[in-house]
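Residue numbers (the numbering used here), protein chains in the order written: chain A, 9 to 239; chain B, 9 to 239; chain C, 44 to 277; chain D, 2 to 373; chain E, 2 to 373.
Source of the hints: derived by calculation from the structure; they are not laboratory data. Treat the hints with care, as some may be off.
[Stated by the list, open to error] Result set (DSSO-like, lysine-lysine): computed pairs, CA atoms no more than 27 angstroms apart in a straight line:
1) C/113 x B/96
2) A/96 x C/185
3) E/292 x D/292
4) C/113 x A/96
5) A/96 x C/222
None of the values given here were measured: they were computed from a predicted structure.
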Amino acid sequence: MDMLTPEEWTAVALSLRVAFWATFWSLPFAVLTAWVLARGRFPGRSLLDGLVYLPLVLPKVVVGYLLLLSLGGRGFIGQYLDAWFGIKLIFTTAGATVAAAVVSFPLTVNAIRLALEAVDRGLETAARTLGASRLDVFFSVTLPLMLPGILSGALLAIASALGEFGATITFVSNVEGQTRTIPLAIYSATHMPDGDAMALRLTLVSVVLALGSLLLASVVDRRIRVMIGRA
Amino acid sequence: MDMLTPEEWTAVALSLRVAFWATFWSLPFAVLTAWVLARGRFPGRSLLDGLVYLPLVLPKVVVGYLLLLSLGGRGFIGQYLDAWFGIKLIFTTAGATVAAAVVSFPLTVNAIRLALEAVDRGLETAARTLGASRLDVFFSVTLPLMLPGILSGALLAIASALGEFGATITFVSNVEGQTRTIPLAIYSATHMPDGDAMALRLTLVSVVLALGSLLLASVVDRRIRVMIGRA
Amino acid sequence: QAQETPTVFAAASLTNAFQDIGRLYKEKTGNDVAFSFAASSALARQLEAGAPAAIFASADAKWMDYTEAKDLTLKATRVTPIGNSLVLIMPADTAKAVTLDPNFDWLAFLGADGRIATGLTDSVPAGIYAKAALTSLGAWEKVRPRIVGAESARAALALVERGEAFAGIVYSTDAAIAKNVTVVATFPAGSHPSVEYPFEIVKGQDNTATRAFFNFLTGPEAKAVYAKYGFVVK
Amino acid sequence: MIEVAIRLARPGGFALDCDFTVPARGVTALFGRSGAGKTTIIQAVAGVVRPDAGRIVVAGEVFFDSARRIDVPIEARRVGYVFQDARLFPHLPVERNLRYGERRSRAVERPIGFEAVVALLGIGHLLARRPHTLSGGERQRVAIGRALLAQPRLLLMDEPLAALDEARRTEILPYLERLRDTMGLPILYVSHSLDEVLRLADTLVALREGRQVAAGPLAQVMSQPDMLPVLGRFDLGTLLDCEVVRHDADYALSTLAFAGGELRVPQVERAVGATVRARVRARDVAIALAKPESVSVSNLLPAMVEDVRAQEGPYADIALRVGEGRLAAMVTRESAERLGLRPGLTVWAMVKSVAVEGSRPEFRDAGPTAPR
Amino acid sequence: MIEVAIRLARPGGFALDCDFTVPARGVTALFGRSGAGKTTIIQAVAGVVRPDAGRIVVAGEVFFDSARRIDVPIEARRVGYVFQDARLFPHLPVERNLRYGERRSRAVERPIGFEAVVALLGIGHLLARRPHTLSGGERQRVAIGRALLAQPRLLLMDEPLAALDEARRTEILPYLERLRDTMGLPILYVSHSLDEVLRLADTLVALREGRQVAAGPLAQVMSQPDMLPVLGRFDLGTLLDCEVVRHDADYALSTLAFAGGELRVPQVERAVGATVRARVRARDVAIALAKPESVSVSNLLPAMVEDVRAQEGPYADIALRVGEGRLAAMVTRESAERLGLRPGLTVWAMVKSVAVEGSRPEFRDAGPTAPR
Ligand SMILES: Nc1ncnc2c1ncn2[C@@H]1O[C@H](COP(=O)(O)OP(=O)(O)OP(=O)(O)O)[C@@H](O)[C@H]1O
Ligand SMILES: Nc1ncnc2c1ncn2[C@@H]1O[C@H](COP(=O)(O)OP(=O)(O)OP(=O)(O)O)[C@@H](O)[C@H]1O
Ligand SMILES: [Mg+2]
Ligand SMILES: [Mg+2]
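The shape of chain A in the complex, shown without the other chains (with noise of 0.2 angstroms):
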């Protein structure tokens, strides 16, 4: 306990959870986007492909200007946000999870994409011949065989989130114990001569969670794959 300074756990403790709330919502909107790019054959399907990587290609730091002009309290989504529902992301943590979300979005369609290709579509016709409609195919068949695709994008979005900076500051810049993450913590620590061994700590602690969550999720996948036969 001693190790960290007190802000220091704060920020620890922030990470955590927007990396962990950045997960949770995003995954789900991955899943759907995932599956309309790979299944589905409409006109716009190249155009929503290329949107989804473009928060990996852009520096983060304009990812954050673009969140910052769409989603800050004056944005065109921002303003309405805050007027309909009483959102208000910049400078909040909730602010923080979003810029994680975004960036690490790209990430977890594409790993859940790649898993989901490798579902054999043969099973899921014989699940329609048994009586299950689409959506019932794909709550029964595709998604469990895709698990360890959903793990595995779920991993890069926390391990992404844990990084993640450029975005973050330039959206919701630094609030103490609002939006001061980890990344944040440390990229003060190495603008300042004397930051060393804070920044090392930080690292440190950044590497302690990356592996716990590696481990964490290996040990899940290891069940699921066990669970889906592909042990």
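We have chain A already, so just place chains B, C, D and E with the ligands on it with the hints.
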């Protein structure tokens, strides 16, 4: 041709070169790593697994800093690179390429690994009964069947290389024509009074490049799928 | 080519000025200079890692002290030709003139949820100076929860430009390039350590080509450029 | 009725073009060589592939009609499909595979019971296992059970028994027959085993390179001479519609009456008066000029030679008239000459063995064995 | 010799434990019900699964020996394996699937030609196609071709013909026989079709729940009474080693001599003096008390009843002595009583049909050793 200034063209060309070479050089290692992680059974596998994800988890600035410490001119590896092979990374396009490759590595490995795990091992067994050695099987059966995943990994690598900023500027600085890729040029632009227009232009270029590589990838992907009978 | 052309490490906030000066230098002498603009901290660490730069222009005396202490730059060559002043800005449409003295009621000024954007107060120079100024004005503890720290002064500026932040504390040079932003007050010079941009030649790079450009950086043509971008020329 | 009138072209040259209407009761066998288009037809009926044009109607319900743009979704067709490859769900244990379709059927309409199917297929000991640990035959049995338990209105079976051993097959066949008979569950059945087809099928659709060569009641199609290349000569024979006359419990025999007389056969599980089908292979019929005394062959029928046709090779085909009925016999040409067989000659037909469709007593008591 | 002595336990209760040595020439059939362990044995020989303990030796080469820690890698064993599921490479067209193993074999050792295999299997028109466009039977044929073209030293076939139609099967079987005979390619063969086994196999290994029930020369194993539950009663019969005595081209018949007399059979393609194997099914043998005159049955042999055993159901098994040989007959219990069959009675055996297997004199002497 008049849309961009000469400096901007330089940045675009540099970004493309960096993205291409980063992807080109990291792919074989990514395939190897994915294979070892997916099929290998050796002590320390989990550790390797964790290491691979590190560049994703850590703030990119930290990644850049670690690269600086290890591969810089006085770094514990860098000094020998220079002394023995005459390879200088700092300030050079080669260094920018290394930074981009390191940052995209976990993404590439993940995509390839998911594809690899979807390859039917029964087919590999069948190939071996037909007289193919493990290596032969890998190249004649496993590799072709995981091509969609490799392509997807390459796309992620290119995309993330195009957007890479933090590690690059921290490791190899921001030298025009050598290491100033599009994201770094956007960064510089935001520090200039008339920089907004330039930043916007470069952002659009990024988007176009991303959509372009995506389009290319989807054409290649369709061919590959037809080829491997998974269309 | 790299040997012929000196590489100048300059703080990102010097981007405009140095690029103009580089162009003037080329016109005058026919010689090229290469620049790398990044955070002073990043540049200092790159020097430490053996980056073959010739000149280091820091936005912050602390990082110059750091490279000096590590024996990376030549202390004897240190010059500080320019400085900057710290200003309070507001979006143009809500701007109201204020007087910054210890009696200024920051909370009344900011209203219920107004925020002040500036650089990260522990690492970005503008933020560090803002913290010092607010402290000396006795307002830091009150204002602290309202401070949002951006990754650079430019990013803080953007928050004010967009009206997301009620006010901002940035350099006057930053304010000069902003649109829709009004300077509502300048912090008294005594309220914070003076903002300085020390330049030094990197150890082992003290050759004629470097010297020539180093001297040009403090010459009259350069000073005209600094002034144009709002720096305090000494 | 089941009406299938579809056209479908595949890249690579294969084109399916068939048009048949068969009763929506009993078993319709699709017969034809590898690549003839059997699976394609089954898939079209299931809705898994969409024909280029045509109509598919099952028991009055239009599944597909290109003219009226009808294409009922797979799951709404309620067909049980046993795939050529088993297609078990790898993420579910055997029991949940079996229950997958059952849970999705309407609870009030579940005439096919879980316990009965499990016992029949001998998969009770596998219920907790994962599909990838099953042997080929075990997998196929689970697939059959899964399709049955979905309580289908129509069963599509694509070589369901090919991976099974004789003993298991002979257990499952009667069960399928019972389903067919007691529940009126129509079955479209693909098999390469003529034995299976002859035993189960009421109707036969013969295919050749995507076109239908013949379609109609089994007996009728079987007697078409152009079916020889499709069916193979050794399995030629006569199908007799018979009535059960009496049972002889002591000897476990039954007596059947047909147009040409009576036949003693292994006991059939039908009430007296019921109609059953008996098949007499041509090679199981021998001919004697005088009534043989004291032979073990129980079925001796007075007959008249109608036709003698020598074939290439050692055999001759003999057409016999027995009372009002007919019987085909196959003897060597040498025997035909030696006996002087010619049309009009009065002879005795010795029927050595008769296969009766419907449960065969010798397998009945074997029952489904539950290993371990 | 092929020596397989292995133990292997699977999670879920199945345990394999077998120990047999069979000649490394000719065809060895693995026979047993679904789940008996046939595929597991094949896999162990191929090196696809590793036994817990034991020894596998093929023609002097040790493939596996747990005691000596030998485990030859799959690809070095050079076995051709036709899997129960075809396992074609989806990314290669049919031709490259076929050539996959061929290209990896040594060029000087390619007795099995591409053209011949393609023609035999009737897959010439499929060469440019992708595996996923093939029908089930087409896929299996390509898989057989691929295994053959790898020029194996030992062929492992796991129900290779189950998905094929009768006609295709009857084309492929003689080719396999030729491979076996002319190239001395040993084959381990899994099939549920007793017909196939009887036709091809020299040696039979019967399995039941992971244990071997019998192993040895086909004829010897077939006559073991405890094989009844494994083989099924209808296919019981007698295997006779015969010599070709003369041919009768006019009637396309041949005369064979066996220990009990002579048999007239459809012409066999062997020179006079050659040894062939004939199989007489018990149900194809009828019994008469007096020599029947003027019957179409050509083969009438004087015999003596040795044993009468009534079975459950309608049948009785009759053991007959014919000269120096034996014949099994199956008649109804009623007939047995009616004729008063009892040991010692002199009767006539009427043999309605005889199946002659292709002859393999060269294997006769190399008798498989009995296990344990
Ligand atoms: N991976 C496994 N895990 C657990 N049990 C297994 C596994 N593989 C096979 N078995 C079991 O081992 C037994 C033998 O399987 P095997 O595949 O050898 O049977 P088989 O004789 O080939 O049967 P079939 O004729 O049905 O193909 C079966 O009961 C099967 O359920
Ligand atoms: N997707 C496809 N693309 C091209 N040709 C196909 C495709 N699917 C099937 N075919 C061809 O259509 C023909 C009929 O195939 P189908 O599967 O209906 O045959 P089948 O009668 O079931 O044969 P089998 O007894 O071998 O299973 C075959 O020649 C096959 O090669
Ligand atoms: Mg088929
Ligand atoms: Mg098997």
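### Query
Checked against the structure, which of the hints given earlier come out wrong?
Hint 4 alone not satisfied by this model.
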